[in-house]
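Between the sequences and the hints, there should be enough to build the whole structure, so can you do that?
Residue-level listing of the chains:
There are 2 protein chains.
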Amino acid sequence: MHTSELQWSTEEKAIAKEAIATAYSREISGLVQVVRDRASSLNSMDDLWQLHDFLSARRHELDGKYDDRESALLFVFSSLVKEGWLSLDELEGLDAAKLSKITALTRMF
Amino acid sequence: MHTSELQWSTEEKAIAKEAIATAYSREISGLVQVVRDRASSLNSMDDLWQLHDFLSARRHELDGKYDDRESALLFVFSSLVKEGWLSLDELEGLDAAKLSKITALTRMF
Chain A
1 MHTSELQWST EEKAIAKEAI ATAYSREISG LVQVVRDRAS SLNSMDDLWQ LHDFLSARRH
61 ELDGKYDDRE SALLFVFSSL VKEGWLSLDE LEGLDAAKLS KITALTRMF
Chain B
1 MHTSELQWST EEKAIAKEAI ATAYSREISG LVQVVRDRAS SLNSMDDLWQ LHDFLSARRH
61 ELDGKYDDRE SALLFVFSSL VKEGWLSLDE LEGLDAAKLS KITALTRMF
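As given, the protein sequences belong to chains A and B, one line each in that order.
For the first sequence, full-length UniProt numbering assigns the number 1 to the initial residue and increments by one for each residue that follows.
For the second sequence, full-length UniProt numbering assigns the number 1 to the initial residue and increments by one for each residue that follows.
Because the hints were derived from the structure by calculation, they are not lab data.
Model, not experiment: these values are computed from the prediction.
Backbone N, C-alpha and C define an ideal beta-carbon position, used for all residues, glycine too.
The reader is advised that the hints may include incorrect statements.
Stated by the list, open to error - Derived CB-CB ranges, DEER-like:
| # | chain 1 | residue 1 | chain 2 | residue 2 | range |
| --- | --- | --- | --- | --- | --- |
| 1 | A | Val34 | B | Arg69 | 33 to 43 Å |
| 2 | B | Glu90 | A | His60 | 35 to 45 Å |
| 3 | B | Tyr66 | A | Gly93 | 54 to 64 Å |
| 4 | A | Val34 | B | Glu11 | 44 to 54 Å |
| 5 | A | Asn43 | B | Ala96 | 34 to 44 Å |
| 6 | A | Ser40 | B | Glu90 | 24 to 34 Å |
| 7 | A | Thr106 | B | Ser44 | 25 to 35 Å |
| 8 | A | Ser40 | B | Gly64 | 24 to 34 Å |
Structural data, given as structure tokens:
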């Protein structure tokens, strides 16, 4: 899959940017809610350090996840769709080849 | 200050153990409360990572703090008294030389 050879039009770039921002906002809101819930039932030091481990893992994961380089976008979108942070509908406007690759990647990983 | 040469009687060891457990429990309870409060006002990713940084720092600090080796006890107690997790009264029963060293250390650092 030669994603690096794909051309992104100005319109597609705008759609991609918006989709990434939407997914990111949803994922962060979800994470904020999880952390609030976990924090409200904290009791022991073990609970504290489990919360710390959880945040360490999420931070590491999120640091590399929202890669907006064009060469990474198809992989990024397939992950976000698979994880439920984005629907394929929200990528409407990308050309059919890109959408088809995103769908294929969603099934592969 | 030759803390390593001090002898700790069975009674003193019991007092030290109890005092450490008391201070530890108080400090963890305080930390749980702080984390709950911070978590309840989380909103953004920055807030999440600030909470993560805060927990990283506390974990690092607490990992080395409650050292219950006899050679470390006077330093541990002076820190705990200084930080308010323990009062000198709660060390009653230790011999006068130890209490006096703890008091002196509390003033030094």
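Evaluation of the provided hints:
1. For the hinted restraint 33 to 43 Å between Val34/A and Arg69/B, the CB-CB distance of approximately 39 Å keeps it satisfied.
2. One distance hint, 35 to 45 Å for the beta-carbon pair Glu90/B and His60/A, holds here, with the actual separation near 41 Å.
3. At roughly 58 Å, the beta carbons of Tyr66/B and Gly93/A sit within the given window of 54 to 64 Å.
4. Separation of Val34/A from Glu11/B is about 48 Å and conforms to the stated range, judged on CB atoms against 44 to 54 Å.
5. For Asn43/A and Ala96/B, the Cβ-Cβ distance of about 39 Å falls inside the hinted range of 34 to 44 Å, so the restraint holds.
6. Separated by about 31 Å at the C-beta atoms, Ser40/A and Glu90/B satisfy the suggested range of 24 to 34 Å.
7. Restraint check, Thr106/A to Ser44/B: a C-beta distance of roughly 28 Å satisfies the suggested window 25 to 35 Å.
8. Separated by about 29 Å at the C-beta atoms, Ser40/A and Gly64/B satisfy the suggested range of 24 to 34 Å.
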